[in-house]
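Just so you know, the protein sequences line up as chains F and B, in that order. Numbering follows our numbering, with no gaps: position 3 of the first sequence is 3. Numbering follows our numbering, with no gaps: position 93 of the second sequence is 93.
It is worth saying that the hints were derived from the structure and are not from the lab. C-beta: ideal position from N, C-alpha, C; glycine also. Among the hints, erroneous ones may be present.
In silico DSSO-like pairs for lysine-lysine, Cα to Cα no more than 30 Å straight-line [what the hints assert, rightly or not]: (1) F:K14 / B:K22; (2) B:K105 / F:K57; (3) B:K22 / B:K105; (4) F:K9 / B:K69.
DEER-style ranges, computed between Cβ atoms [stated by the list, open to error]: (5) F:D59 / B:Q10: 23 to 29 Å; (6) B:E64 / F:I60: 29 to 35 Å; (7) B:P79 / F:S22: 39 to 45 Å; (8) F:N26 / B:S28: 33 to 39 Å; (9) B:F46 / F:K57: 21 to 27 Å; (10) B:V83 / F:D38: 22 to 28 Å.
Just so you have them, the derived chain B footprint on chain F, three or more residues with Cβ under 8 Å [unchecked claim]: (11) 34-42; (12) 106-112.
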Amino acid sequence: DGGITQSPKYLFRKEGQNVTLSCEQNLNHDAMYWYRQDPGQGLRLIYYSQIVNDFQKGDIAEGYSVSREKKESFPLTVTSAQKNPTAFYLCASSIGGPLKVEQFFGPGTRLTVL
Amino acid sequence: AQSVAQPEDQVNVAEGNPLTVKCTYSVSGNPYLFWYVQYPNRGLQFLLKYITGDNLVKGSYGFEAEFNKSQTSFHLKKPSALVSDSALYFCAVRGSGNTPLVFGKGTRLSVIA
Chain F
1 DGGITQSPKY
11 LFRKEGQNVT
21 LSCEQNLNHD
31 AMYWYRQDPG
41 QGLRLIYYSQ
51 IVNDFQKGDI
61 AEGYSVSREK
71 KESFPLTVTS
81 AQKNPTAFYL
91 CASSIGGPLK
101 VEQFFGPGTR
111 LTVL
Chain B
1 AQSVAQPEDQ
11 VNVAEGNPLT
21 VKCTYSVSGN
31 PYLFWYVQYP
41 NRGLQFLLKY
51 ITGDNLVKGS
61 YGFEAEFNKS
71 QTSFHLKKPS
81 ALVSDSALYF
91 CAVRGSGNTP
101 LVFGKGTRLS
111 VIA
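Build out the structure end to end from the sequences listed, making use of the hints.
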């Protein structure tokens, strides 16, 4: 978990509300990622960013939005359009470019919709 | 498209016995393969990776993995399991192009004392 922080650890949201999950890294990594984890479904990619001011949709981007204004920060907003947002959200980062590099993960944020 | 399959949802093994967690992959081009471990309510921790070269890769905490190109497999192994190895294990792959890792659904390992 070192080098990547996610906050808050637990988040509760009422239906119809937007919420923003924070992800910060001090590893000087170019690339950052957001995954969603549900029991029995593994990790599914929401969005990723390979450089500042640029990002791409992953497999399940609907109902989510991101920004990448600074290299060290990649916040994720879960909008009211996301029909089933209760899940464990993981942020990751990696050195950009080489295919052989691993991704480093933060400790996660557990979002629960009340 | 690249994909990973972990055919077992759960693996049970007695402490001290060898363990194997299976993974098969599908990519176009040469694969870059990774194993991660996750403890409850935590992020994923990197264990090891295969890039090229020796088919047997050694990683953290005594784990190793064997790359088999003909069987498109990358099974995780450990000669002697510990109770503390009980966790959720993920296999991941990256194929051609600078793309994010694609993860399997995970295998829950339970080591029984």
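Holds or violated: K14 of chain F to K22 of chain B, with C-alpha atoms at most 30 Å apart: Since the Cα atoms of K14 of chain F and K22 of chain B sit roughly 40 Å apart, the hinted pair is violated (cutoff 30 Å).
Report holds or violated for chain B covering the segment 34-42 of chain F, Cβ cut-off 8 Å, minimum 3 residues. holds (count 4)
In this structure, is the beta-carbon distance linking N26 of chain F and S28 of chain B contained in 33 to 39 Å? This hint holds: roughly 35 Å between Cβ atoms.
Next pair to validate is K105 of chain B with K57 of chain F; report whether the Cα-Cα distance is within 30 Å. Distance ~20 Å between K105 of chain B and K57 of chain F Cα, so the pair holds.
For the pair we were handed, K22 of chain B and K105 of chain B, check the Cα-Cα distance against 30 Å. Judged against 30 Å, a Cα distance of about 12 Å means the pair holds.
Assess, step by step, whether the Cα of K9 of chain F is no farther than 30 Å from the Cα of K69 of chain B, and give holds or violated. violated (40 Å)
Is it true that the C-beta distance of F46 of chain B to K57 of chain F lies inside 21 to 27 Å, as the hint says? holds (25 Å)
Against chain B, does the segment 106-112 of chain F show at least 3 residues with beta-carbon separation below 8 Å? holds (count 4)
Does 22 to 28 Å hold as the CB distance between V83 of chain B and D38 of chain F, or does it fail? Cβ of V83 of chain B to Cβ of D38 of chain F: about 27 Å, so the range 22 to 28 Å holds.
S22 of chain F and P79 of chain B - C-beta distance against the hinted 39 to 45 Å: holds (41 Å)
Satisfaction of the hinted span 23 to 29 Å by the C-beta atoms belonging to D59 of chain F and Q10 of chain B: Because 25 Å falls inside the window, the suggested range holds.
Can you tell me whether the CB distance of E64 of chain B to I60 of chain F sits inside 29 to 35 Å? holds (33 Å)
The structure is inconsistent with the numbered hints 1 and 4, although it conforms to all the rest.
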